[in-house]
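For the sequence shown, the UniProt record's numbering assigns the number 1 to the initial residue and increments by one for each residue that follows.
Among the hints, erroneous ones may be present.
To be verified - The following label-pair restraints were derived from C-beta to C-beta distances:
1) F279 - L243: 17 to 25 Å
2) R290 - A242: 20 to 28 Å
3) P327 - S174: 55 to 63 Å
4) F151 - P327: 50 to 58 Å
5) T222 - L192: 14 to 22 Å
6) R302 - T173: 20 to 28 Å
These are computed hints drawn from the structure, not numbers from a lab.
Quick reminder that beta carbons are idealized off the backbone N, C-alpha and C, glycines included.
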Amino acid sequence: MSPRLNPSSASVQPEGDAILAEALQWLVTLWSGEASRDEHEACERWRRANPAHEAAWQRVQSLDERLGAVPASLAAPTLRGARLRARRRAVLRSLVFAGGAGALTWAASDGLPWRDWTADYRTATGEQRNLVLADGTHLMMNTGTALDVRFTASERRVLLRSGEIYVATAHETSAVYRAFIVETAQGSVQALGTRFTVRQGDALSYVAVHEGAVSVLPAHATQALRVEAGQSTSFFADRVNALSPVDAGSASWTRGQLVVEQMRLDAFVRELGRYRSGFVRTDPAVAALRVSGVFPLADTDRALASLQQALPVRIHYATRYWVTVRPD
Numbered sequence: 001m002s003p004r005l006n007p008s009s010a011s012v013q014p015e016g017d018a019i020l021a022e023a024l025q026w027l028v029t030l031w032s033g034e035a036s037r038d039e040h041e042a043c044e045r046w047r048r049a050n051p052a053h054e055a056a057w058q059r060v061q062s063l064d065e066r067l068g069a070v071p072a073s074l075a076a077p078t079l080r081g082a083r084l085r086a087r088r089r090a091v092l093r094s095l096v097f098a099g100g101a102g103a104l105t106w107a108a109s110d111g112l113p114w115r116d117w118t119a120d121y122r123t124a125t126g127e128q129r130n131l132v133l134a135d136g137t138h139l140m141m142n143t144g145t146a147l148d149v150r151f152t153a154s155e156r157r158v159l160l161r162s163g164e165i166y167v168a169t170a171h172e173t174s175a176v177y178r179a180f181i182v183e184t185a186q187g188s189v190q191a192l193g194t195r196f197t198v199r200q201g202d203a204l205s206y207v208a209v210h211e212g213a214v215s216v217l218p219a220h221a222t223q224a225l226r227v228e229a230g231q232s233t234s235f236f237a238d239r240v241n242a243l244s245p246v247d248a249g250s251a252s253w254t255r256g257q258l259v260v261e262q263m264r265l266d267a268f269v270r271e272l273g274r275y276r277s278g279f280v281r282t283d284p285a286v287a288a289l290r291v292s293g294v295f296p297l298a299d300t301d302r303a304l305a306s307l308q309q310a311l312p313v314r315i316h317y318a319t320r321y322w323v324t325v326r327p328d
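Please construct the entire structure, taking both the sequences and the accompanying hints into account.
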């Protein structure tokens, strides 16, 4: 009999990580083929106990599709059934016993990071959303974005947890002027009557100003930098990088397009990958090829296919969720 995993024995982790680990442990137990009726019922109770539990369960359930989605032409009959179930269990056990690190990487790669689930507003992979805030400010959320809105008597603040936003600020009508600020993990961007984009990266934040100006203040700095219309920059928590002209395609996502000019193929594929579920990678042999053009974000398969017409590459689908751009 396979050893039982106790879903309550997860090591001490941040709350979201611990819930994900518990969900994985339940999934391994139920996929073992030896789970008792009591264990099935216990899992149901765990799912009903907290909305976050059910959300975690749905996330790990989707892993079933990834592990099982092998094209029929590539899958021998023996891969199905017992061998496929064993493969799934082995993968899940490796995630659980690694402390959930692999699972957390997977979870973050296809959907919202756990810390974003409690955000006031969020978008899923490939989704975009328009908001009109209480002061009349128009805000557009790009794919995989999460944010909070905190308006007080003294300021208007948007906390950008992840992703990217386009902001067109409204004229302040309050008797007391309230600054409009976008806060990221690395610092803050204060609007000075403007239209601008802010993107939260892994280690730094990006800002591009399309109209007006903004003031960028890193979290651990004391002096802000003014960024004018037509300028862009990125910043760490302790410094702002040099100013550069706004890329012509930096806000093209607001029109449902990815516009690039002489972009490296691997960088292009990474950017396009933000708008589709699963994994898409570039073979190192073709990574340095250059891409130019206008590509539809609503149909990333078509965007990938168009690469084959312009470059010596082919698109290989191991599954719907695992795609590689290879040499032709």
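For this structure, which hints from the list above don't hold up? 1, 6
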